[in-house]
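**Q** So the chains spell out like this:
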Amino acid sequence: MAYPEEFLRGISAPNHIVDGLPTIEIFPFPQARPVQRPDDCIEESINWHDDEQSMDELFDRRKEDDTPKFRVGLAVFDRHEIDKLCNAPHAKDRLFYERQALQGNTYHGNLLLKKDLPQSIKHLIRAGIVLSFKELVSPDDHALKSKRTRDSILHQAWDFLIRFLSSVGFLGTYTRGFLLRVWAKMKSP
Amino acid sequence: MDNELIKGARYSSLFSPDEISNEVTDGTKEELLADSRTSYSDEIFPTDSYFLSFPRNIDILRLARKEISTIKDDNIRTVILAIMLLFQQEILLNRNRLIANGYVLPPLILTNVEDGSVLMEWNFRDFRIGISIEKKIEDSSWYIASNGKVEIANTSDILKLSELKSLIATFFSLVLSNS
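Protein chains in written order, with our numbering: chain U, 1 to 189; chain H, 1 to 179.
The set of hints was computed from the structure by calculation and includes no laboratory data.
Where a beta carbon is used, it is the ideal one built from N, C-alpha and C, also for glycine.
Do not rely on the hints blindly, as some may be mistaken.
For lysine-lysine, the following DSSO-like pairs were computed, each having C-alpha atoms within a straight-line distance of at most 27 Å [claimed, not checked]:
hint, chain 1, residue 1, chain 2, residue 2
1, U, Lys-114, U, Lys-145
2, U, Lys-115, H, Lys-135
3, U, Lys-92, H, Lys-149
4, U, Lys-63, U, Lys-84
5, U, Lys-92, U, Lys-69
6, H, Lys-165, U, Lys-115
7, U, Lys-84, U, Lys-115
8, H, Lys-160, H, Lys-135
9, U, Lys-92, U, Lys-115
10, U, Lys-134, U, Lys-84
11, H, Lys-165, H, Lys-135
12, H, Lys-135, H, Lys-66
13, H, Lys-136, H, Lys-66
14, U, Lys-115, H, Lys-66
15, H, Lys-165, H, Lys-136
16, H, Lys-66, H, Lys-149
17, U, Lys-114, H, Lys-160
18, U, Lys-134, U, Lys-69
19, H, Lys-72, H, Lys-135
20, H, Lys-149, U, Lys-84
21, H, Lys-66, U, Lys-114
22, H, Lys-149, U, Lys-134
23, U, Lys-92, U, Lys-145
24, H, Lys-136, H, Lys-160
25, H, Lys-149, H, Lys-72
26, U, Lys-145, U, Lys-69
27, H, Lys-135, U, Lys-114
To give an idea of the interface, some chain H residues facing chain U are shown, with a C-beta separation under 10 Å as derived from the structure [unchecked claim]:
hint, residue
28, Asp-59
29, Leu-63
30, Glu-121
31, Asn-123
32, Arg-125
33, Phe-127
34, Gly-130
35, Ser-132
36, Ile-137
37, Ser-141
38, Trp-142
39, Ser-156
40, Leu-159
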């Protein structure tokens with residue numbers, strides 16, 4: 001199965017990020033997780049970063065009071081670092097990951113940690129997972145990037161339309177000049 | 001409670017100049033015992049019964065000082081306090097080196113975990129140090145995790161209270177060598 005280079009974890013608690021780094025509480029793997037799996041693992045949900053919509057899916061999630069669930073942002077992690085960790089002696093055959101598409105979220109997956117590990121080993125593996133952290137994307141950063149992407153697509157489409165219509169003689173010189181002025185105004189901040 | 005912890009709690013008396021003079025080298029002792037004419041009196045001052053405050057770039061206890069009051073379990077809180085005091089001693093002993101070399105150290109972070117344990121983390125970009133104090137103190141443990149970009153091995157073990165002082169000194173030495 002193909003996996004992307006990165007996976008995402010939403011952060012709702014401000015104290016899970018200190019001085020720009022996540023604490024290991026971002027992946028708690030509680031022993032008493034209600035979901036029982038046949039492989040005896042504890043799950044922690046992630047979104048695979050297949051494309052930008054995977055971030056949209058997380059940022060669009062709402063709590064019961066309709067406020068954003070992940071108001072702190074999304075932590076981006078490096079899957080290759082997790083692969084290295086999975087092969088380390090203390091994590092081998094204890095740490096895994098999977099895809100698990102859900103209705104409404106095709107990006108969903110899980111990090112999996114074997115149950116009943118000694119606490120010291122469990123903490124060591126959790127710390128190793130969090131060491132694969134690359135960056136934090138805040139809701140504002142994401143909104144700005146999304147706007148820039150949408151604007152860029154819109155401008156490219158507009159530019160293409162004008163050029164195409166001009167090339168087939170559909171637009172006269174005056175009309176073309178008018179439309180170009182409109183386009184310039186749209187581009188300016 | 002363990003003799004080791006009582007020893008740890010005794011470190012609170014480090015903050016009287018007489019106690020400090022027994023613990024540090026002569027050079028540092030002179031500075032710490034000096035009167036208000038030196039700049040150190042502007043930078044080190046007692047904030048409450050146990051803790052001093054250091055320049056922010058080396059004040060690794062700046063968050064934990066506030067967070068320790070959230071720990072409900074008396075035994076866990078005593079162990080955490082002892083650990084914090086030992087870290088503080090390391091800062092005092094290494095203060096000149098820390099300041100002269102411009103070290104910027106992240107803060108210790110305390111987290112109350114749902115299972116009743118308390119996790120203390122010291123997080124750097126390429127490695128992490130952690131101590132987990134369990135409700136059953138003898139089940140407590142520590143870890144050092146690395147992403148391989150620094151020369152630190154991944155390791156963990158049960159926390160032995162009798163070796164707490166040497167463990168904290170080891171952590172501090174590791175940090176000074178790699179940050």
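**Q** Take the hints in turn and mark each one as holding or not.
**A** Consistency of the hints with the structure:
Distance check on the hinted pair: Lys-114 of chain U and Lys-145 of chain U sit about 38 Å apart at the alpha-carbon level, beyond 27 Å; violated. Distance check on the hinted pair: Lys-115 of chain U and Lys-135 of chain H sit about 20 Å apart at the alpha-carbon level, within 27 Å; holds. Distance restraint check for Lys-92 of chain U and Lys-149 of chain H: the Cα-Cα separation of roughly 20 Å lies within the 27 Å cut-off, and the hinted pair is therefore satisfied. Between Lys-63 of chain U and Lys-84 of chain U the CA atoms are separated by roughly 35 Å; this puts the pair beyond 27 Å, and the hint is violated.
For the hint linking Lys-92 of chain U to Lys-69 of chain U, the alpha-carbon distance of about 33 Å lies beyond 27 Å, and the restraint is violated. In summary, the hint linking Lys-165 of chain H to Lys-115 of chain U is not supported, as the alpha carbons are separated by about 32 Å, beyond the 27 Å threshold. For the proposed pair Lys-84 of chain U and Lys-115 of chain U, the alpha carbon gap of about 21 Å is at most 27 Å, so the pair holds. About 15 Å separates the Cα atoms of Lys-160 of chain H and Lys-135 of chain H, which keeps this hinted pair within 27 Å; it holds.
Our distance criterion of 27 Å between C-alpha atoms is met by Lys-92 of chain U and Lys-115 of chain U, whose separation comes to about 14 Å. As the CA atoms of Lys-134 of chain U and Lys-84 of chain U are separated by approximately 15 Å, the hinted pair is consistent with the 27 Å bound. Taking the CA atoms of Lys-165 of chain H and Lys-135 of chain H, the gap is about 21 Å. The hint holds against a cut of 27 Å. For the proposed pair Lys-135 of chain H and Lys-66 of chain H, the alpha carbon gap of about 21 Å is at most 27 Å, so the pair holds.
Under the criterion of a C-alpha separation no larger than 27 Å, the hint pairing Lys-136 of chain H with Lys-66 of chain H is consistent with the structure, at around 24 Å. A threshold of 27 Å between alpha carbons decides the hint, and for Lys-115 of chain U with Lys-66 of chain H the separation of about 33 Å lies outside it, so the pair is violated. This hinted pair checks out: Lys-165 of chain H and Lys-136 of chain H have alpha carbons roughly 20 Å apart, not beyond 27 Å. Restraint check for Lys-66 of chain H and Lys-149 of chain H: the C-alpha separation of about 33 Å exceeds 27 Å, so the hint is violated.
Using a Cα cut-off of 27 Å, the hinted pair Lys-114 of chain U and Lys-160 of chain H holds, with the two alpha carbons roughly 26 Å apart. Distance hint between Lys-134 of chain U and Lys-69 of chain U is fulfilled; the C-alpha atoms sit about 21 Å from each other, no more than 27 Å. Proximity of Lys-72 of chain H to Lys-135 of chain H is assessed by CA-CA distance (about 11 Å); at most 27 Å being required, the pair is judged to hold. For the hint pairing Lys-149 of chain H with Lys-84 of chain U, the CA-to-CA distance comes to about 12 Å; that is within 27 Å, so the pair holds.
With a CA separation close to 35 Å, the supplied pair Lys-66 of chain H and Lys-114 of chain U exceeds the 27 Å bound. For the suggested pair Lys-149 of chain H and Lys-134 of chain U, the alpha carbons sit about 14 Å apart, so the restraint of at most 27 Å is met. Only pairs whose Cα atoms come within 27 Å are accepted, and Lys-92 of chain U paired with Lys-145 of chain U is rejected, the gap being roughly 38 Å. A threshold of 27 Å between alpha carbons decides the hint, and for Lys-136 of chain H with Lys-160 of chain H the separation of about 13 Å falls inside it, so the pair holds.
For the hint linking Lys-149 of chain H to Lys-72 of chain H, the alpha-carbon distance of about 38 Å lies beyond 27 Å, and the restraint is violated. A hinted pair counts as satisfied when its Cα atoms are at most 27 Å apart, and Lys-145 of chain U with Lys-69 of chain U qualifies at roughly 20 Å. Distance check on the hinted pair: Lys-135 of chain H and Lys-114 of chain U sit about 22 Å apart at the alpha-carbon level, within 27 Å; holds. With a cut of 10 Å, the hint placing Asp-59 of chain H at the interface with chain U is violated, because the nearest CB-to-CB distance is about 13 Å.
Restraint check, Leu-63 of chain H versus chain U: the minimum CB separation of about 7 Å is within 10 Å; hint holds. Residue-level restraint check for Glu-121 of chain H holds (minimum Cβ-Cβ distance to chain U is 6 Å; threshold 10 Å). The interface hint given for Asn-123 of chain H holds, since its Cβ lies 5 Å from the closest Cβ of chain U, which is under the 10 Å cut-off. For Arg-125 of chain H, the interface hint holds, since its Cβ comes within 10 Å of a Cβ in chain U; the closest pair sits about 7 Å apart.
The interface hint given for Phe-127 of chain H holds, since its Cβ lies 7 Å from the closest Cβ of chain U, which is under the 10 Å cut-off. Interface hint at Gly-130 of chain H: satisfied, since its Cβ lies 6 Å from the closest Cβ of chain U, which is below the 10 Å cut-off. At a threshold of 10 Å, the smallest CB-CB gap from Ser-132 of chain H to chain U is about 6 Å, leaving the interface hint in force. Because the smallest distance between the Cβ of Ile-137 of chain H and any Cβ of chain U comes to about 13 Å, over 10 Å, the interface hint for this residue is violated.
With its C-beta approaching chain U no nearer than about 4 Å, Ser-141 of chain H sits inside the 10 Å limit, and its interface hint holds. Among the interface hints, the one on Trp-142 of chain H holds; its C-beta lies about 7 Å from the nearest C-beta in chain U, closer than the 10 Å criterion. For Ser-156 of chain H, the interface hint holds, since its Cβ comes within 10 Å of a Cβ in chain U; the closest pair sits about 4 Å apart. For the restraint placing Leu-159 of chain H at the interface with chain U, the shortest Cβ-Cβ distance is roughly 9 Å, inside the 10 Å limit, so the hint holds.
Going down the numbered hints, you'll see the structure goes against 1, 4, 5, 6, 14, 16, 21, 23, 25, 28, 36, while the others check out.
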